[in-house]
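From first to last, the protein sequence lines stand for chains B and Z. Going by this note's numbering, the first residue of the first sequence is number 1, and it counts up by one from there. Going by this note's numbering, the first residue of the second sequence is number 487, and it counts up by one from there.
Read the hints as simulated data drawn from the structure, not as lab findings. Quick reminder that beta carbons are idealized off the backbone N, C-alpha and C, glycines included.
Which stretches of chain B does chain Z cover? Using the computed rule of at least three CB atoms under 8 Å from a CB of chain Z, they are: (1) 99-113; (2) 353-361; (3) 451-462.
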Amino acid sequence: MTQLSPPDREDIQGILLSGFGHLYYTYYLLLTVTDAVAAKNWLKRTLPTITTAGRWPQDANGKTIKPDLTLNLALTHDGLRTLWLVEKALNTFPREFIEGMAEPKRAEILGDTGTSAPSQWDFGGDNGAPLHLMVLLHGQSLEQLRTYGQTLLADNSGLEVVAIEEGFRLPSKKEHFGFNDSVSQPEIKDLETPGHDPAQVVATGEFLLGYPDGYGIFALTPVVPNSDDPDDLLPSFPGRELPGYKNFGHNGSFMVYRKLPQDVAGFWQYMASQTRGADGQPDPQGMNLIASKFVGRWPSGAPLTLSPDQDKPELANENNFLYMPTDAKGRGCPLGAHIRRTNPRDSLLDAPGQGSLITSSRHRILRRGSLFGEPLFPLDDLDQGQIPVDLQDDGQSRGLHFFCFNADIGRQFEFVQQTWANNPRFDGLYDEKDPIIGDNDDGQGRFAMPRCPVRQRASHIPRFVGMAGGGYFFMPSMSALQFLTT
Amino acid sequence: MRQVLDAIAADLANNAYFQIARSDRTHFLRLAIITDPDHGPRLLMTGNYDGSLVDYLQELARLSPGLDDLWNHCTGYRGRQDFNRFIQAHTYKAQASYVAVQGESVGSIRKRRNIRQKLQQLLDLDDMANYLDHPGLKPLLDDLTSLKQPRTIWQGLRMLMIQTWQVIEQVFNGLCDLIKQIMLWILRQTGGILGAPDQPRLIGEYVGSEVDYERIRTLNEAEVVHGTNHLHLLSTVKRGRLLRLKIVLLLVNVAGRHLFPPGSLSNIRSIHFAHWSIVDGGKHLLFVTHYDGSFDNYLGDFTDRASDGLNSVWNNVEGYPLAGAQDIFAFKQFFRNDQQLPSQVFYRAYPDTTVVNILRDRAIVQPLAEGLDRPALDDWLTEP
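Start from the sequences and build out the full structure, keeping to the hints where you can.
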């Protein structure tokens, strides 16, 4: 088992290998460059404060000293161009990154349509200043982060704020609908810890450039000609296949950011409407069951495949399971449920079992994120069976700051979105989209739930998760940032 | 000709030239202008149809008020009465072909889909859904399915003979299956040898090169985000590799027609039709296919489940990645490079029905159809 070397860890930005689970607050600065020279100098000054993935130190008692504030940053293609990355290198990036998230065909692929179209976004869309740079801060309180964020740009940074986004995370790891949203993460091969499920292990090159990906080959990575790197800041390629180039992408990754507003009242009102009996009263247990069928996990995080009839908090963090042995037909977790679409594991009907696991492993993403907006109801109470039967909207915006990392945006993030989540005919289904994140703009979404004696089908599903802004970023390694600022 | 094709594409059912959308026999049809240095511009028509070619050409002529306006632009076309001869004279047969669901006509696919949709709507009716939800339903079904007809000694004897016959049938089925598995194993071994990468690589072939993304955008623009898409590819056969290519296609043809279950080409279930033809006197390989979903999904499936087979076909043509299909970016790029041909006209008889949908419709509707004897059903339903 190879492991990432300590120098590589020092070269990789910290958020790629850690979600900073001990820091509950986040602060994101979306920036545009107004003065390229000043911005470059600012970047150079800021380099030493960037949190790397280097091992955290230990105190005298052997206790790990965790950072109380972290800083990471990523750039868009526009940003790289503005900061004078050599033209030759700019053209070696993949198409999705060059075009950006708001390009019309991309928006169609991603389901960013209707009220979620790029013309409606708060930032990163058709209107407003172009996004060049994103700074991600994690800390212990919002006050700490606000103060830090202000001082960060105070001194002739050459940067202007397009948007500031604040976020937080809950100890229960819930999102706004009330579900545990942090269970399924791929295990990176070169960070593998003993005892983990081999089915969840994914090649390092699926998330970090400069390593073999799921096909055993380096994915497309940006390069610069040797002559453009006289100080030898960037690594060469191993072997003799590309002697004339340096790997600008090495130890970097592509970052997808999406601000996703959630219609929490709409979600639970829909569940109520599906379970109203003859007396007009909704059935809380029924609401919980259908909502959980939509997700594929119970509010605690317990997978329906392992516990089809009731929530089992002892299974809350269970991710070591397959569909085919006990749930091939989807009577526990329906075929179209959110988690079964976004990671079908062994259940793709083309090649159920091993073949499906290989395919699934080539379309994984590494998720990060935080919530925005106050919760509309006590989320933790869901686990005790307290279902919000009569939820009213308060007009406040709330949702998820969704982040993910991948080596190939087209083959990973966009593929999951287009071919799995939003595909009306995913895995043999007829006409339904992901019931949670699907682009059911017309309010005509459907969702089939196999069960005995007759299948049930939810209809008239509206869009529950919107899209309010974001972009495709590249998170360079420390050496690549050094190269950029030299 | 481009103007005529654009007019057809703009309204597939009501244009003044070729009303292809009114066809009862066409699964897919495409018209594309292709250009290469040896021949200049040519019109390529590819189609999948039911029945014989002669009957089909008659239908096409009948649907073409402006038949001459379209085909007069082609050298050698001598008017409506000559259409049949003209097309047949310029037709290429496929060296290898794959049809997902053999024996299904456009009519039967649509009919099954409509029946299945009706059944679904029926189940979704409020009253029906409530009734089906009724706790009493399951015991009723259990009772119904547990009922057995009392059996006489002769019926028992008959059952015994049927069972004996079934055992013999199973033995034969097992034998056939074994032969099939052996043939598949031999083919896979052959594919492994003929499809071995020319040069294994650690770093993708396209790393560091400037890709023509504008061309990809143009090709991608016409593809639907959800639904059936198509692809055709005209590649140049490498010098001295024609015979090898022909042998490989022969093997692919056997496998595609006889060795895989319906709707599955080497465990890929998103392909409606695939054809390989050697054209231009052995100079070019023409590949035509219709598939469900995105280009990335289609080629990803290819790599995940059929890379040896694909390598052994396309390593005989120019421009194929040295490391084969495992170099996934280069592999996709091979299909996107100047060999992929955009179509001017593309008609699909059932754009939102996937191969898997067709098979599921059959599985849902066929047992009902076979279990029902119309006169007996009428009697049963109408009696008091």
